[in-house]
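Those protein sequence lines, which keep their order, are chains A and B. If you read the first sequence in our numbering, its first letter stands for residue 87, the second for the next number, and so on. If you read the second sequence in our numbering, its first letter stands for residue 12, the second for the next number, and so on.
These are calculated hints, taken from the structure and not from any lab test. Hints are not guaranteed to be accurate.
[What the hints assert, rightly or not] Among the chain A residues that face chain B by a calculated CB cut under 7 Å, a handful are: (1) P165; (2) P168; (3) A287; (4) L330; (5) G504; (6) E534; (7) L541.
[Claimed, not checked] Here are the simulated distance ranges between beta carbons: (8) B:E34 / A:T323: 21 to 29 Å; (9) B:L60 / A:V343: 14 to 22 Å; (10) A:F348 / B:I21: 51 to 59 Å; (11) B:E34 / A:R291: 42 to 50 Å; (12) B:I21 / A:N706: 17 to 25 Å; (13) A:Q548 / B:I22: 25 to 33 Å.
[Stated by the list, open to error] Just so you have them, the derived chain B footprint on chain A, three or more residues with Cβ under 8 Å: (14) 379-388; (15) 514-520.
Using N, Cα and C, we set each Cβ at its ideal position, and we do this for glycine too.
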Amino acid sequence: MYKDLIETDHHIRKDELVVMLVGQPNTGKTTIFNALTHSHFSTVNYPGSTVDYSVGELRVSAGFKAQIVDTPGILSLTPHSPDEEVSVSSLFHHPEYGVPDVVVIMADATQLSRQIYLARQVRAAGFRCVMAVTMTDLLEKRGMKLDSGKLSILAGMPAIPVHGIRKQGLQELAEAIFKIYSSTPNPVIIRPDAGTIETVAEQYRVAGEIERSVIIPSGKQTLEEALRTVTPHPDETTLKLDKLLLHPVWGLVMFLVIMSGFFTAIFWLAAPLMDVVDLGFSALGTWAGSTLGTGWFSDFISGGLITGFGAVMVFVPQIMILFLLMTILEDSGYLARAAMLVDKPLAAIGLNGRSFVPLLSGFACAIPAIMAARTIPNTRERMLTILIIPLMSCSARLPVYALLLAFLIPADKPWLGGLVLTGLYLAGLISGAIVSALISKWTKQNEESSFILELPAYRFPQISIIFKNTLYKSWLYLRKAGATILVISILIWGLTYFPIPEHHDASSPSGHLQDSYAAQLGKVLEPVMQPMGFDWRVGVSLITAFAAREVFVSSLALTLNVTGDEETLQGSILSAMETSVNEKTGLPLFTTATILGLLFYFIIAMQCISTLAIARKETNGWKIPLLQLGVYTLVAYIGAVAIVQGLRLMGIA
Amino acid sequence: MGTRSLDQLIIGESAIIHSLDPESSSALKLMDLGFTPGQEVTVLSKALLQDPIAISLRGTIIAIRRREASCIRI
Chain A
87 MYKDLIETDH
97 HIRKDELVVM
107 LVGQPNTGKT
117 TIFNALTHSH
127 FSTVNYPGST
137 VDYSVGELRV
147 SAGFKAQIVD
157 TPGILSLTPH
167 SPDEEVSVSS
177 LFHHPEYGVP
187 DVVVIMADAT
197 QLSRQIYLAR
207 QVRAAGFRCV
217 MAVTMTDLLE
227 KRGMKLDSGK
237 LSILAGMPAI
247 PVHGIRKQGL
257 QELAEAIFKI
267 YSSTPNPVII
277 RPDAGTIETV
287 AEQYRVAGEI
297 ERSVIIPSGK
307 QTLEEALRTV
317 TPHPDETTLK
327 LDKLLLHPVW
337 GLVMFLVIMS
347 GFFTAIFWLA
357 APLMDVVDLG
367 FSALGTWAGS
377 TLGTGWFSDF
387 ISGGLITGFG
397 AVMVFVPQIM
407 ILFLLMTILE
417 DSGYLARAAM
427 LVDKPLAAIG
437 LNGRSFVPLL
447 SGFACAIPAI
457 MAARTIPNTR
467 ERMLTILIIP
477 LMSCSARLPV
487 YALLLAFLIP
497 ADKPWLGGLV
507 LTGLYLAGLI
517 SGAIVSALIS
527 KWTKQNEESS
537 FILELPAYRF
547 PQISIIFKNT
557 LYKSWLYLRK
567 AGATILVISI
577 LIWGLTYFPI
587 PEHHDASSPS
597 GHLQDSYAAQ
607 LGKVLEPVMQ
617 PMGFDWRVGV
627 SLITAFAARE
637 VFVSSLALTL
647 NVTGDEETLQ
657 GSILSAMETS
667 VNEKTGLPLF
677 TTATILGLLF
687 YFIIAMQCIS
697 TLAIARKETN
707 GWKIPLLQLG
717 VYTLVAYIGA
727 VAIVQGLRLM
737 GIA
Chain B
12 MGTRSLDQLI
22 IGESAIIHSL
32 DPESSSALKL
42 MDLGFTPGQE
52 VTVLSKALLQ
62 DPIAISLRGT
72 IIAIRRREAS
82 CIRI
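Let the hints inform the model, and build the full structure from the sequences given.
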């Protein structure tokens with residue numbers, strides 16, 4: 087039937103509609119998007135975190151084709167931060183899809199007045215609208231019902247109750263989309279001006295009236311009871327949980343417990359998985375070496391490819407667990423509370439409660455973290471947040487920390503390793519706080535600072551979405567990091583392997599490293615490295631770490647000419663580190679002093695080209711990335727030299 | 012009516028919004044979120060040092076700073 091319409095109706099010129107999902111954060115928009123498109127995108131429970139668009143083809147068959155566009159949550163058509171401005175302006179003119187043919191407005195039935203407020207704004211701008219009403223099951227749990235027929239009339243658009251997880255109402259929604267598209271002429275769309283206090287109050291008054299007349303209380307209630315229950319309130323579980331989690335004292339205690347649990351879990355859960363990966367790659371390298379025989383190709387596969395890649399793959403379990411826990415915290419609704427709890431202390435150093443999520447993401451990877459800073463409305467607070475994100479201990483530092491700590495700390499004292507690692511994370515956090523406090527003292531705040539954040543209802547994280555999201559993020563990380571690391575690994579292997587001298591003795595592969603290109607390059611850098619107690623080999627590894635910090639580990643494996651003697655790769659690198667001697671001074675290369683200096687260097691130094699690129703893009707200038715590169719790397723170097731030389735003066739080698 | 016501001020409520024206390032200080036830069040954003048005259052609000056919790064404040068209204072919870080709450084007359 088609809089097919090016939092496409093051919094006969096004069097309004098229809100396209101064979102594929104563009105349908106945008108618009109709504110306030112936490113209205114279940116992404117869940118409906120997933121249900122409509124059968125796609126694999128994530129839904130998160132932190133206001134404004136859907137920074138990017140998701141697009142998918144409509145998979146609910148209703149006789150027409152459509153592209154469904156999921157847009158970031160907006161409160162109204164008046165933007166209050168850069169990410170909201172992007173969301174609102176792309177509704178009026180999407181960079182890729184232009185003006186949508188139909189807008190689906192998501193509305194949470196338990197807080198209808200706020201949703202109707204947005205829906206009426208979108209309707210008034212001229213769009214063809216359909217309202218998808220979610221959470222009607224929650225409304226019924228509270229003994230109330232929604233009169234969707236009356237809502238359709240009063241809101242001036244079809245209102246369809248939907249349930250994304252149970253896949254209810256999707257067919258009706260799709261049919262309503264097509265019906266409104268084919269029965270109305272192409273609209274004239276006008277973007278409204280920001281309202282005034284008077285117009286907003288009036289719009290809300292109407293929205294509130296509509297809400298009161300479409301929500302039907304259960305039959306047993308008296309009129310007075312009904313009026314009271316109809317005043318929407320947050321759900322009871324959320325209120326009870328917040329009594330504890332937002333308590334002035336206990337809330338803070340719980341915050342510290344949750345955060346330490348978060349970081350402890352990352353390390354303890356990951357350890358056994360990391361061993362499995364490590365053993366696997368070690369075995370693979372040995373097997374490849376013995377199968378392929380001798381020669382440069384065999385060395386390339388076992389020494390270049392497998393060793394280099396394995397050294398990084400070892401840390402994938404840890405990164406996945408970090409993403410997993412982060413998603414759980416986000417989806418449960420806790421992250422927004424945490425942002426509220428830390429707003430006051432963060433404001434004291436020139437940041438904002440909204441800096442919390444970007445900073446916490448920075449412990450996984452600075453790139454998505456810097457992008458997440460878009461949700462901070464105040465320009466200076468956003469710039470400061472971006473500036474200090476690279477000081478948060480990202481997961482690329484973990485491989486380096488893990489290796490250096492394994493060298494420094496006896497294997498029978500894992501608790502000490504955990505403690506020092508916590509110290510390293512705190513050191514990053516504290517240096518970030520110092521940088522932010524210093525700069526906010528020196529520069530003037532031009533805009534007024536504000537913190538207004540919706541705290542979504544707590545919910546049990548949806549397992550399938552959590553796993554999809556974790557796998558998706560880990561895959562993105564691996565794809566981005568993996569390609570870089572592979573190229574760098576091959577490059578470093580080549581630089582350390584060639585040129586092969588004429589009188590080369592095949593039985594001693596380390597024989598020609600001294601004459602390799604890497605050695606020649608490293609020796610130029612050697613004067614800079616000697617104050618840190620290192621020779622050219624660590625110097626080359628540090629240079630390659632500019633591609634990505636974790637490359638340091640695989641570079642070190644190559645420059646120290648690690649052979650797979652030990653059972654695990656890390657074991658092999660460690661035993662090579664123990665026997666390495668500084669080629670200039672004859673002193674051991676890795677000592678307590680030099681390791682501590684190196685750790686300090688890694689805490690502070692700006693060593694990631696991708697981060698610099700994204701910082702330039704997001705701040706729209708070179709100032710922030712150049713500050714990060716110049717100041718952090720210089721401070722890191724000076725500090726490392728001071729630590730090594732200071733400890734030596736005190737008699738600690 | 013209108014003599015006190017929202018930040019003066021204690022935890023658990025409810026009030027009806029009288030007006031918003033039109034001079035405040037946050038007034039429009041607060042109204043966009045539903046802090047409109049005539050609306051009932053309840054203070055649910057306050058962070059350390061009484062700042063920010065979590066407020067229940069229109070079926071949701073919104074955290075705002077004390078300074079923002081002080082421009083809402085009740």
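Go through the numbered hints given earlier and state which of them the structure violates, listing their numbers in rising order.
-> 1, 2, 4, 5, 8, 10, 11, 12, 14 and 15
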